[in-house]
Amino acid sequence: MKDPRVLEEEFIPSRVIHRDGQLKALRDDLKPVISGRRGRHSFLFGPPGTGKTCIARYVLEELYNQESIPGSYVNCWFSGSRFNILYKILGDLGVRLSIHRKGTPTDELLEIYRRKTAGREVVVILDEVDQLESDKILYDLLRIGNTTLILISNKETALYRFDDRVRSSLASADPIHFPKYSTREVFEILKDRVEWGLVPGTVKNSQLERIAGVSGGDARVALNILRIAAEEAESSDSRKIEDSHIERALPKVSEGEKNLEGLKEEQRILYEIIKERGEVRPSELYSEFGKRYGNFVDRTVRKYLEKLCRMGLVRKEGEGRWRVYRLA
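Going by the working numbering, the sequence shown opens with residue 1, and the numbers climb by one from there.
Here are the computed lysine to any residue pairs in the SDA-like style, where the Cα-Cα straight-line distance is at most 20 Å:
{"hint": "1", "residue 1": "K291", "residue 2": "D92"}
{"hint": "2", "residue 1": "K24", "residue 2": "P13"}
{"hint": "3", "residue 1": "K2", "residue 2": "V199"}
{"hint": "4", "residue 1": "K264", "residue 2": "Q131"}
{"hint": "5", "residue 1": "K180", "residue 2": "E9"}
{"hint": "6", "residue 1": "K191", "residue 2": "R220"}
{"hint": "7", "residue 1": "K204", "residue 2": "K240"}
{"hint": "8", "residue 1": "K316", "residue 2": "E288"}
{"hint": "9", "residue 1": "K136", "residue 2": "P105"}
{"hint": "10", "residue 1": "K275", "residue 2": "L260"}
{"hint": "11", "residue 1": "K275", "residue 2": "R310"}
{"hint": "12", "residue 1": "K155", "residue 2": "P47"}
{"hint": "13", "residue 1": "K24", "residue 2": "Y58"}
{"hint": "14", "residue 1": "K24", "residue 2": "I34"}
{"hint": "15", "residue 1": "K307", "residue 2": "L327"}
{"hint": "16", "residue 1": "K264", "residue 2": "R326"}
Quick caveat, the hints were computed from the structure, so don't treat them as lab data.
All figures in this text were calculated on a predicted structure; none of them were measured in a lab.
Go ahead and model the full structure; you've got the sequences and the hints to work with.
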């Protein structure tokens, strides 16, 4: 692999393909932010692996790089509580917090957010918004006039579960639909990533067509199959991806999806930290876990990490001071 990051599902490409309409709609919703006004809230919905998160993060990065507009991305599946969401947003905005998670009132975090963002526009992405523990955080953010929300869910009906006040405030949110990709579109997405991520000649078009064909229109699944197949090739000292490497990757992808659904809160936090960092040393991992979770026992965290490794979600590399954790 030339650049393994390119095949990771959270990688933000330098260009996006087959989502021109959705990209334009989201850019239009956020245009007022550039001139110092609140944008139109957006609701991105559609099946998994259809580019919702990719497009949202692409536009967020674009706004920051071109207009210096700050923003935050929060996955509510990992950080679903009001406290955790505010903590993540403040961290993304570069606010240093010296607080004890268990002893700090959530309203104090909200007040810090108000003070730190006063006089400037902020864009906040809440991914998997249907996983929120409470819709109070939506009410909080909607009341702050400088915050524009991008909400993401697989379900078109996700917003119906919120109380009347929140639904009323979101009544004018722009619904942006992301349908499943066609097999041809998934193939072209893979081709684009291969150009940047793999050494030329590593994989055949017919193999990419095979992966696209079994993906069910889910680009995330297709990228995971390709990434694992490339890792299988590397581990067997092969210069090319063989059909056998793809066949071995298929069950690993489906098993990983199932395992994610059954994680405890502590395991989800550890998984999210590793996912965000790419690779992380134990000391850094423990430090960040303490900030997000609160007091903990080292031995318990080690057990959770070992479980994540056994589940095939995380792998550890190296020993002692050289050990790092990364996603499997």
